[in-house]
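Two chains, two frames, some hints: make the complex.
Protein sequences, first through last, are from chains A and B. Numbering follows the numbering used here, in which position 108 of the first sequence is assigned residue number 108; successive positions increment by one, without gaps. Numbering follows the numbering used here, in which position 139 of the second sequence is assigned residue number 430; successive positions increment by one, without gaps.
Hints are all accurate, no fakes.
Distance ranges between label pairs, derived from CB positions: (1) LYS193/A - GLU560/B: 43 to 51 Å; (2) MET13/A - LYS549/B: 52 to 60 Å; (3) LEU56/A - GLY550/B: 53 to 61 Å.
Here are the simulated DSS-like pairs of lysine-lysine, each with C-alpha atoms no more than 30 Å apart in a straight line: (4) LYS485/B - LYS357/B; (5) LYS323/B - LYS531/B; (6) LYS192/A - LYS531/B; (7) LYS192/A - LYS530/B; (8) LYS528/B - LYS188/A; (9) LYS530/B - LYS323/B; (10) LYS188/A - LYS531/B; (11) LYS188/A - LYS530/B; (12) LYS307/B - LYS345/B.
Hint data in this document are derived by calculation from the structure and do not stem from the laboratory. All values reported here derive from a predicted model rather than from experimental measurement. C-beta: ideal position from N, C-alpha, C; glycine also.
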Amino acid sequence: MPLSLENVSYVYMKGTPYERRAVDNVSLEIQKGEFVALIGHSGSGKSTLAQHMAGLLPPLAGQVKIDGTDPCAKGKEALTARRKAGLVFQYPEHQLFAETVFDDVAFGPRNLGLAEEEVRERAATALDFAQMPIEEFGARSPFQLSGGQMRKAAIAGVIAMRPDYLILDEPTAGFDPLARGLFYEELKNLHKKSGMAVIMITHSMEEAIELARRLLVMSGGRIIIDGQPERIFREQRGELLAAGVTAPAIVSLTDRLRAHGFSINADCLDADDLVAELLAVLPGKGPGDAR
Amino acid sequence: MRDYIIVTENLSYSYKTAGGAQINALSGVSLKIERGEFVAIVGVNGSGKSTLAKHFNALIPPQSGKCVVCGCDCADSQNTLLIRQNVGMVFQNPDNQIVAALVEEDVAFGPENIGMPPEMIRERVRFALAAVGMEDYRRQAPHMLSGGQKQRVAIAGVLALQPSCMVLDEPTAMLDPLGRREVLSAVLELNRQKGITIVYITHFMREAALADRIIVMDGGRAALAGQPKEVFYQAEKLKKLGLDVPLPADIAWRLRQKGVSVPPVVTEEELAVALCR
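Isolated chain B (complex conformation) (with noise of 0.2 Å):
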């Protein structure tokens, strides 16, 4: 029996624009999570990525069909407390996310917040900030920090609260590329060392190829999932549906493109080695 954090059966979600058009965010959504895993969803921008995750931690009801986290389903508004301290979200802009003035007390917000005793804060806070290598920085001031090292201290706001599962909507969007790798090595650590699950939404394939599954969204539907080798094979649909594909994928499609015969594959060195037999 397989242990599901997140199932979504047939979840649709529509809305009306300022216009009065109807878009429909989701239509027909069925997916499931397994705890422990790490999934990245990546599509283009309005592909319903950021709708579908909202849903995860119950920031968005359903409007049509199910969804089910920890065993509580989304729809019954007396779970949503409970579904919101399993799931934690992050998001892309780290000063959108940090409310005090020192990064302790930042990370400190959420644990204070459900009434937790000061010196059990006071672990939490080490234990988060620790887990992300910025317990160096307790005392410093926010503000002061590069990009990447704020988004950090975001996850480490959320993971003070010891969810089971975090969300992050593009959490690197808006960093360079050390904070890239910074922020993205903190979340597969918290994966592989913690056993968190992660969803983890991206424009960046590169990163979505480092996932134990990706699910590809487009026009509010699961286009495409599996694991990043099965994924990128379809390197043609994929760029049909705007999205670019990691370089060693795409070099192995333009060579069978030319009749050469090239398993899937994903990183630098399985292309070098499935060219050299």
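Bound-form chain A, shown alone (with noise of 0.2 Å):
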């Protein structure tokens, strides 16, 4: 069974001057397994409809389930509801309080009242997922680890709570070009093995083509574009654009080339691809011929 919002509308400080319409009418449905990429420009209401995913925010007008039960009701069915889906916000390291690394990743699964036992196993499998053995790092403060650590350890205590649905609000943000690529390959992992869904909030086209399957564009509340990236990128450049979200780099540099006169193929997203087709076509560049 899915995660599936039906007509779902949310409109920030209603009945007030500053009254704003972050999430308008916005209909969808997710698998689990499923690796779903989250983009557009700030304010077009991603992280209002992270929260309605999660159950943490009831909307305004329509129905959010999960799993056919709707989160945001009260009683039992719906408490489990909203533990099947997690929410990592934004700069999730802030949210880091515990003594050491364990209590903290522990604090979840503890509260789901689990045995210790079982509490400790959950904490040590999320903790694997951030490379950071439990043994290692278990006794640590949180507080003392690098900015990437304490990011991935608040990570941690959300994945610790094994949600069907993961939600990462924008994960890397602030990361050096390292630690982002290292982060991707521990969640395609996690990911793959899990078989949870990830629903990933992202500004960086590049890194939805990377990673997701299916890629949702906002715009103005509204999901205005639904689909596999790569095509996607073929068919509906124009309304991507107009949506506020920049182009991959490659794809502007592959224009560049084009508009001076190289015959290459206007869908490549990857540079490999790029490489190849140029050295297709450059004249006596080619590498039998190299200079």
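Here it is, written out as structure tokens:
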């Protein structure tokens, strides 16, 4: 059963001069095991939508259902539904609070009322994702870790809840390129191993193409495009740009080269492909006759 | 005779972690930054970028080696005030730098603090907000602004003190692509139009590519320095240091690997023109 939104809308500060419609009549369905990127410029409603998906913010209109249950309702069933979705906020390291990494990661599982043995097992697996073995990091203070480790420890706290739907709001903001690459490798592995759905908010089209099989583009509170990233790039480039999504660097480079008369494929989304295309068309510069 | 605003000689800095391990954040950094220059500092986390930058306005006094800013030795605490009036800092998170409830009051905070007469404060605030394109927001509450707008207000707050140099430590790290563009173009304008020296720390190579010069930090040392073209020509070395290269420079590097001769390039246009030849 999926995570589904039906005609969901939300308005901030309703009835005041600052009233702003953040989510406007959104309907969509996300299955377990999917890897979805949610993209759009600031203020397009991404983070609000993420909170609806996680059952943290009841919509003003419409219905959210996690595996068929309204997570914003009262009662035990709704609680179970809410626990199926885990939301990692922006800068989750600001939410670290416990004395040790283990206690911080274990906070959620303990709240579920699990036996201490199971709590430890879950924390250990979650910390494995972060490549922070519990033996080495468990007893350390989370406040003496590096920035990247703090972020990963905080995310491990959500993963330890074993959600079916993991929602991440710009998980690599502020990371250097090296840390970003490593983080995405770990996230890919987690997704493959766990079978959970990953829904990732990002500003980077490059990341969406590299990681996700499905791309949701938000603009003005609506999902204006929903489909496979590469295909969207081929067929709906204009709409993407109109939504304020920056094209991947490779797209604008390819366009520029084509404008200079290079007859190369306009749909190149990978540096290796672009190099191969160029080698084929560069006169006298092929690999055979290097100068 | 060149006019250097910042000179470091063999600058080193180390500290102990809570666990007792010794970390060498800077090891023997010697560099010179000219007045009016736009210098980008890049490097992975922990490479010493921020520690270096904090020496530039005497937030950290040198442990060993020398740091001279505007002709003043940073080791002498009597110079601290003068150095800080000349070199302004802007940090990553705009929310940590904004103190007032109105944009114009926030920008006025610095000038008020040094006891400037009210008429002059008004003039400075007008000047600073205009310089970053935020004059229309002067009566707004900072928390209602976007990240890029808040960061521009933070820059205006530094600008109101009319520093001759600005050190920006990853000012766009927390911003979206639009906010990044806003901040970067404001900074470029301050450098090009008002001649303010810029030291700009970033992880975004596309931003570093716009600088006059790039300094690459690695393990507390200045591993590489030069014009963007020269630095990005060494794509292999940068990748080994865990850094990206702008895509056109990367494609040029990959073509060179395949035996194609391509001159150093940074921009898309430069690559296209180079390949047309």
